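K.L.:
Starting from the two chains in their separate frames, assemble the complex, guided by the hints.
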Amino acid sequence: MEKKERIGVYVCHCGTNIAGVVNVGEVSTWAAENLKEQGVVISRDYKFMCSSLGQELIQKDIKEHGLTRVVVAACSPHLHEQTFRNACKGADLNPYLCELVSIREQSSWVHTDKVAATEKSKALIAGGVARVVHHEPLEPLRVPIHPATLVVGGGIAGIQAALEIANAGYPVYLVEREPSIGGHMAQFDKTFPTLDCSACILTPKMVEAGSHPNITLLTYSEVEKVDGYVGNFVVTVRKRARSVNEELCTGCGICWEKCPKKVVDNVFEAGMGTRKAIYVPFPQAVPKYPVIDRENCTYYIKGTCKACEKFCPTNAIDFAQEDQILNIEVGNIILATGYELFDARRITQYGYGRLANVFTSLEFERLSNAAGPTGGNIVLRDGKTTPKVVGIVHCVGSRDKNYNEYCSAICCMQSLKFAHLVHERTGAEVYNFYIDIRTPAKGYEEFYHRLLEEGTHFIRGKVAEITDAVRLPGEEGKLIVQVEDTLTGNQLRVPVDMVILSAGLEPRRDAKEVAKKFGISCSADGWLIERHPKLDPVATVTEGIYIAGCVQGPKDIPASVAQGAAAAARILGKIQQKEIALEPVRASINQEQCSGCRICNNLCPFNAILFHEDRMVSEVNPALCQGCGTCVAACPAGAISGTGFSNEQILSQIEGLLLLNIPKKETVA
Amino acid sequence: MTDTPETQPFDKAQGESFEPVIIGFTCNWCSYRAADMAGTARMKYAPNVRLIRLMCSGRLDPTFVLKAFAGGADAVLISGCHPGDCHYINQNYKMLRRFHLLKRVLQQMGIEPERLKLLWASAAEGAIFAEEINKFVEQVRPLGPLNWKPGNGAHVEAPVHEEVPA
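Note that the protein sequences, when read in sequence, are chains B and W. Our numbering puts the first residue of the first sequence at 1, with every later residue one more than the last. Our numbering puts the first residue of the second sequence at 1, with every later residue one more than the last.
Hint data in this document are derived by calculation from the structure and do not stem from the laboratory. As the structure is a prediction and not an experimental result, all values here were calculated from the model.
What the simulated footprint calls covered on chain B by chain W, stretch by stretch (three residues with Cβ under 8 Å from a Cβ of chain W suffice, anywhere in the stretch; the number is not a length): (1) 112-120; (2) 522-534; (3) 622-630; (4) 636-647; (5) 651-658.
Here are a few chain B residues that sit away from chain W, every Cβ distance over 12 Å (derived from the structure): (6) N167; (7) P213; (8) T236; (9) T250; (10) K288; (11) N315; (12) I328; (13) L380; (14) E429; (15) L492; (16) D497; (17) L572; (18) S595.
Glycine residues also receive a C-beta, built at the ideal position from the N, C-alpha and C atoms.
The shape of chain W in the complex, shown without the other chains (with noise of 0.2 Å):
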């Protein structure tokens, strides 16, 4: 173990082949459905993420997110239905509220925002998904792998003041 912080700069020319390791949540109902969607009407996109399925967008516990980026990976997708179409009626408007504020300590820990997303689809929104996927992967892409250790090599940056909206 040694106590010098992770900040071996990341090599550009890597990142040209560099694939990032995408963690993804959704809703049953409503992004779940859009990748199914994307899935029948065989639209491609990156095969980074790897999906879980929720019951609700709303179930995101910020442990998931914040266990995902612990074991590996390089960014994590968060989606869930539009707002006011929420299959229980405005529990995505909860997720949100954990969104801003788990964007905010994640920046408190080292990580770069952008390896962050929330993806607003509904169930007949296949070709958004999949193409919000790719722009996704390609956000990540030059940030290069995160070499997060907690506890270890994350530097803390003085938080942002930005307006979490209610």
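Next comes chain B alone, as it looks inside the complex (with noise of 0.2 Å):
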């Protein structure tokens, strides 16, 4: 005979959150004298469930009722189990043996019907209590941590999270799919608001994870696989041919000084300078060593040349080299991958592509860098000519419902950041051609007074059209920015030499492939999402895998450095543990019954399902298991359980949940 269990159930109110819709005082009552029969033997509401003293409550009761089952019905368990199974733990009760029951984001913030509301918080609580009978008491799975990271993307925010972890003591691999660390950042000339040389600040932090004993520098090379799970995950890395030996090379330059093909570089210097075949994107990259492009390479093209071999002092030259694969283990993940700017092409009215004086906000970052291909001369595409008038248009490809709604955060700083250089270093007239201004961040207001000041235009409308057809006297040879001023309500065509499109910023082309490899999604818009918007800002629905800098949105230095950070200390976190509890939901094969079909076999991603031939049985290996269930709905001899998500818990939360309107049904009939 089964002993019958003892099930406490509890009614939050959450404040007003809960009780300003559902009468929690009926519910309660309700589920003390209706479901009796389920085995509930007291039932109460209280104001916060989750407090202390309502934690306390469950748990004096525990000991006093001798509860052998929980129900909490409140928030989303996404919130609030945790707690509540905590609190079962501190009064000796399996932490597996209490439920959760939203009735907060699934009834009263979601109906205003207060009588439905409460009767849909009665099924609710029914399904809940129907299930919990079923629960076995559960040991969360620990499995070691691995106390290597693998920080996937070398921006700033990636170096930053790479250096953290590595200070702290433990191993990092640091991924970056081109030649160099150092990302967008290494292209830029100046940040703001402070307006300091951001490769003064950028590369003593390349060359310190460049050279830090516990950072693995794997540049050039690419992840293209990701098995496991946190703790343990196995990551396959190409690491491509640069076609120099870097244990020979000492990076001296001579090879890409005596390389006789130039090559348009459409990375680091955005189509704005030439490269040669063999090259190190820029002179103060991480590594130091040169790749070859062999795309490009007239070697690889003719097969003759080999010009770098013959000059290179060491032999470092090695045209045979292959990509390399790597497996390695690593126990959590930070993805770093960043951004890619809006194509400006897209905006054909604004001609960019078409007309030689429009640029984007990345070619004027080279064009006004001291390293850039003019030297930091802010001239014309002609290479000679300074500009006059200089006009700036914000929102390129943002906060525009036909591109991307969303608003790219970093431009409004940026054009006036470009404002600033125009005007120190030409003279010109600028023209800033804006929607809002948006600067809210510390110093920004400041910056953007200090622009007013200096005499730069500001023009609230958003650019119609830039062209280079004349209509009026004065504008011959010019570039015409038609806009509406939305503050006076006049139509200006504002004659200018120059034009930067701010363009905004958006996700990698292959976002989707990166979220799918690590097993995490992406928004509508192709940004990664966070667990939290608010209060998990770097960790992700899967644990073990982090997300830090523009990959997860549009955002600055400051705020990619601060997200670097808080992942690296999420991760140091969790490695100082040595070891992590995971949810105990996993698959396994009752060995009596299994018919050995091998119908699961194939079903299962993860391949955690093993047959023996001897026996003609299926097995489930639990550390490969991820707890889907898919085996467990398909297994046609049900020879396949589920923890947590059993048949019986299921089944029994359907009746549950049904309860309710079974004495209906038998009017209606």
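P.N.:
Below you can see the structure in the form of structure tokens.
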């Protein structure tokens, strides 16, 4: 004879969040009176169940009334399941014998009909009570955490994260797609609002990351595959052939000096300058070793040349080098793969790509950079003429329903910085065409005021068109910015020499594939989704995978650095515990009942199900099982059971949920 | 026990006030979080749906749906991550296969296919989740209560031939 469970039901008011719509008193009384048969021995309602007093109430009842199961009707389990499990644990009741029923997110917050919401809450509780009877005491799975961390993306967010972890004494693999770390920040000249030189503050960090004994730098490399789970990931990295032996190369630079092949650099120089076929992207590159761009190298195309090999003093050139496939073991992963600039060609009326003197923000960064193709001279596309009038267009591809609805967050400040640099270096007149000026961070508003005082013109209006078609005298040889000044209501045609399009930030083109590779998800815009938009901005719903920097959404350098450090701190906390407790939701196969049909084998995407040829039965490897339950649902013999979501639990929950409308059904029939 | 099939016509006038009871299956990662999101954003929808959380829509055993109908549900909602976005790589496709088969089986059992709905909802789609529930309730309301007694009143119709995607 089965022993009857003793269940306690606790209905939370959540202040007025629940009690304002659901009649919590009625629900609690109803549960006490109507769910007796299911085992409810006590039912209470309380203002805040999650408060320490609320938790103590449960603990007292567990002891005094000998409760064997607890049902809390409150908020979503994603918020407080852990809280109430811990409360049970504190009273020596196995934490997995507690069930959280969401009557806030699923009832009081989404329904206005108080009677219906109250009835629905009763039904949800009945479902929870019916389910909890079949809960089993479980122990979390404890797995060791590998102390190493993988950081994907060597921009400022990734560098910061890698340094934090490495400085704490743990190994880090920093993987970067380009030949050097540094990311977008390495391309910039000045950083707002302090106007300190970007390279001056970035390169020391790059060098530190490059020479840190705990950091293994894998540049010119990409992650191909991720296996395993939190604490024990196995990551396959393709280290592309540099065609240069890193052991021998000293980074002296003779090879790229002697290389006869010039190539337009579309990555680092944003198409504004050239590099050689053997190159480092920029002088301060980390690591210092060059790579041969095989698509453009004369030797790889024609089979002759080898100038670099001829001149290399250390014989480091290795034309036969092959891609290396590395399998690295890590406990945690940080994704910091950054952003891509909005392609301004998509807005055809702005003329980028057609009108020579329309520049993108990244092109202007290179133009104004002292180490850039013009040595920091702000000149027109002809390479010599200094502009007299410059127009800067804000919100290009951002805050625009045709392209991206979101605000790219950095463009206002970036445009103000450009205005300042143009003004300072050329004395040109500067027009800023903006929709709204957004400067919400430390020192940003002050910078805006500084610009106002410098005499930059601010015209509030979305630019309609940029054209070279002359209509009025004085427009000859100029670019005309057609805009409505929405503050005065006038249509303006502003003749300028140069236009800078402050293009917005977009997710990397392959963001979706990256997300899939690492088992996380993207928002509709393509940014990776954090676990909680406010309270957990760097974790993801997949344990062990963290995000930092612009991969999570547009943000400036200080915010990217903060996120990199935050993700590192989260991981360090985990590493120091040496092991991690995982939800014990796993499938298991009853060997007696298994018929050996192997239907489940192919359903598992994690290869967690082994087939024993000798005994003709399948078995689940709990270390690989992720607990999705697909095999449980598919087993024709019913031999597979899933902890936490067993057939009994779900079928009983269905019964419980439908308890309330059975009498109604009878009256209808 | 009588052997007469339950074919009494549903009174349309009564239909105005009929509130169907719907059991909804959600996955832990996308659709349950869409429901959470609808809650956090205080989006309003009809109170007819009672949700069950599974880890993955792939856990959906067709028995659960039959059990819900047998237990008195007027309709069943199955929801999961969008194809390609499954937290468990591709298990929602396995649910999709079952869904198509199930729909056919239900039809053979005399249950209108309109009583079963599939909904893809990402964690960010609280608004879609709420809107689709409202639509579903209005879709089921005119059908009236499901007076289904397995093994008793269900009459079997000839199967309709339709393509079942792999």
